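Residue numbers (the numbering used here), protein chains in the order written: chain S, 2 to 338; chain V, 2 to 338; chain B, 2 to 338.
No lab work stands behind these hints: they were computed from the structure.
Quick caveat, the model's predicted, so the values are computed rather than measured.
Derived Cβ-Cβ restraints for the label pairs, each shown as a range:
| hint | chain 1 | residue 1 | chain 2 | residue 2 | range |
| --- | --- | --- | --- | --- | --- |
| 1 | V | D324 | S | Q92 | 49 to 59 angstroms |
| 2 | S | L337 | V | D187 | 49 to 59 angstroms |
| 3 | B | H310 | S | K314 | 20 to 30 angstroms |
| 4 | S | G299 | V | H88 | 41 to 51 angstroms |
| 5 | V | I329 | S | D77 | 46 to 56 angstroms |
We put the beta carbon where it would ideally sit given N, CA and C, even for glycine.
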Amino acid sequence: MTLSLEKIAQLIDATLVGNPAIEINGINTLKEANKHQISYAVSDNYINSLCSTKAGAVILPKKLKKHCSTNTLLVDDAYLAFATISHHFKQYNLTVNNSLSKAIIDPTAIVENVTIGAGCVIGKNVSVGSNTILETNCVIEDEVSIGENSHIFANVTIQRDCKLGKRCVISPGAVIGSEGFGNVRDEQKNWQSIAHLGRVRIGDDVAIGANTTIDRGTIDDTVIHDGVKIDNLVHIGHNVIIGESTAIAANTGIAGTTTIGKRCMIGGMVGIVGHLTITDDVIVNATSTVNRSITKPGIYTGFFPLMTHSGWKKAGMWLTKLDKITKILKIKLKNLK
Amino acid sequence: MTLSLEKIAQLIDATLVGNPAIEINGINTLKEANKHQISYAVSDNYINSLCSTKAGAVILPKKLKKHCSTNTLLVDDAYLAFATISHHFKQYNLTVNNSLSKAIIDPTAIVENVTIGAGCVIGKNVSVGSNTILETNCVIEDEVSIGENSHIFANVTIQRDCKLGKRCVISPGAVIGSEGFGNVRDEQKNWQSIAHLGRVRIGDDVAIGANTTIDRGTIDDTVIHDGVKIDNLVHIGHNVIIGESTAIAANTGIAGTTTIGKRCMIGGMVGIVGHLTITDDVIVNATSTVNRSITKPGIYTGFFPLMTHSGWKKAGMWLTKLDKITKILKIKLKNLK
Amino acid sequence: MTLSLEKIAQLIDATLVGNPAIEINGINTLKEANKHQISYAVSDNYINSLCSTKAGAVILPKKLKKHCSTNTLLVDDAYLAFATISHHFKQYNLTVNNSLSKAIIDPTAIVENVTIGAGCVIGKNVSVGSNTILETNCVIEDEVSIGENSHIFANVTIQRDCKLGKRCVISPGAVIGSEGFGNVRDEQKNWQSIAHLGRVRIGDDVAIGANTTIDRGTIDDTVIHDGVKIDNLVHIGHNVIIGESTAIAANTGIAGTTTIGKRCMIGGMVGIVGHLTITDDVIVNATSTVNRSITKPGIYTGFFPLMTHSGWKKAGMWLTKLDKITKILKIKLKNLK
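Isolated chain S, as found in the complex (with noise of 0.2 angstroms):
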């Protein structure tokens, strides 16, 4: 995979300064770039290191432009630039080649134009959109629909019914449309379950991490909107809504029926209770619970502050008595506003 640095300009729209013809074969960090390679700068703070580099090529934010010293791309925003190169030097292609794929696919299901890797397994009335690409062992339930340009990746599961928008990424072992965690207890106190009847439908532009899972609706669907990214082992429980461009990072769980605005960023590790409604342009840092809904748009965080062990029994022991210490003192709620 080689590039010119002028076709590298053409994709970033950079203003080029030094020699277009020169061929770039890789991405590397200005420390170990060679002269085959482009890197980037984001800030003043890498000047050392673009000073000493041997990359071929360097992508530089315009206000550093005094700094060049080498082929230098100048661009509004260097990395962003770096995010659109990085897929041109990214190898895409399958495990094993057609020939020895032994996929299983219905009849019924359409799938022109799609490349499908060995073991995946391919249900009735599936319908994929073309150049959109399944990796081995697969299994794509009945009456699923996938959008064109998308890829999912090895081991995942979409359950029955659900709907893929366009240019969607689902990494290994992702799980989508499981039955929602939704039981009622008989007189008996014994759980009776509920079958899950809507499905998960998943918007253009989203990404799904590896082992992540996502529940289908109980009545209504689950709705992952346009552009959300989420990290590996999430759980989205069942008629959880997200909206456009969202982004949520690993391990964080969202329970049933909760609402999530437009371009919030959810920290990893993030537990949001059911039946919540958060606003757009939320920000919750890692780690934190969210039980109340969040009308206003800001950050929020809530986690203990990591001590010494020794330092956190005490914190901590104090803690448990804060209502006792306010009552002798004589505190009340009321001066405290």
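Here the structure of chain S is known, so what remains is to put chains V and B in place on it, guided by the hints.
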């Protein structure tokens, strides 16, 4: 799939008010239902929707009888009745018809009247009860037994020797019988692993969520008793014992050798450390840490309240100094009894 | 599987007191063991069980020598000796014999003396060392290498280019080499993904738990050093580096570009944010949040203590008002040094 209202009334032991002959082909919300669908209401909160619903019939608790304006099924618990009916409108047919299926089944396995999906691999001396469904690409290792009327979804791994009861539901990607996390440090501070020789034993009517993992026991077994419901992405450590009809929500982790009682409700993302005992009828709210045994039924909670980030920084900072604050205030523990 | 007591003594370098010729066919607890099984005790706490055990032999620390009443193997560390012996009584045979197996192996893959389960798919230029076992339905993508004497369990996905050392154990459903969660916002606040061009490099004697996910690096590699043990459902972000002989318990998440030292013990459900450095020999207790680098070995903790729900409501409420309380009490930070 169509059922007469009379048939539905029989299934949920309801008093039918209206036309027993109408045919119902699905379930929907009061707002969205059409005349061929049934809906339900559980409380007074739904009275407005009830008055305007276009549903062909509704399931109501007896106390809402006066609001009947359409065909009605009166029951003691409308939510429980909905749960029962939901399974009759769920389609569970296999992704790929058997003629295309290419499962690999050891000749010593007993799988009479079992539906086996494409890509399943079934080991030596496996025994699966009648009417059980094994969906696509499941791995059922040697010596496993599974009771009748169970449903094992796609990409599930059940490892050697594990025992599952009747009417179990195992969601996609779950792993049952993985090695416990038992390691011993040698003199060089390197970890030497323990081979886990126990099994996982699972009772009847147990549900296990998608991508949940249950480790086998070290010497004795890990045991999940009848009627336990476990959500997605839950970790159950080696030698854990979970009592009858306990429910565990998503992202929760239970460390090795902990015993949990009957009818407990463990919220999502709860962390329970090892070697504890939790008695019957305990409720632990979501995202709490359980680091001590619980001997008394009740509701337990432990998480830092969500605040604005700027507020959290102040509260967290003072929290870490509580010990010093109580010292300068001359507050004594003995005065806080 | 049977071993003479003499053979077992050799395997664990023990002093044998009793009959070297007796044959042992399993391990069990002191209470449950029969005369054909061996058991062990690690401390004085087991003396009562030791006196009444029916085990054919027991492994004891030398200090418990005086309690020998049956055949005994005396060692320095009885728990370590048990760990060693446990592997000799574990059966690791493949689920399905090779004659039934239908793996798909690219002709360029080097898999001599490798045991390959049914349904495995092995890509181009893969190299697997001798005596390694690949269990059912594993996906080993192009250019992956795995060292000798490793054990890859069912339904594991190892993605393109990743490198694993010798004697590694990868539990079912683990994903190694998934895309990192790196996205850049464009001017419209939409996320543009970064293609991750680095690999995951895993050393020798590493264990990875069931359904754990390890992301590949952005440009450089994600690195797991020799002897690291990782439990189930752990997330390791892109470019994380984990030092030798560190252990990480279940449900923990480590965000991108964080470095963890050697011999650390990270408890379950710990959240570690990105771009931190944790030094060697650090212990982080379960469910703590690590949001700053740790430069000093020691034990660290941070979680809200478990309380009754009614007690928690009061403590939590006052906690959020600590700043105001200190104001009305006229407590100054400088007085708390």
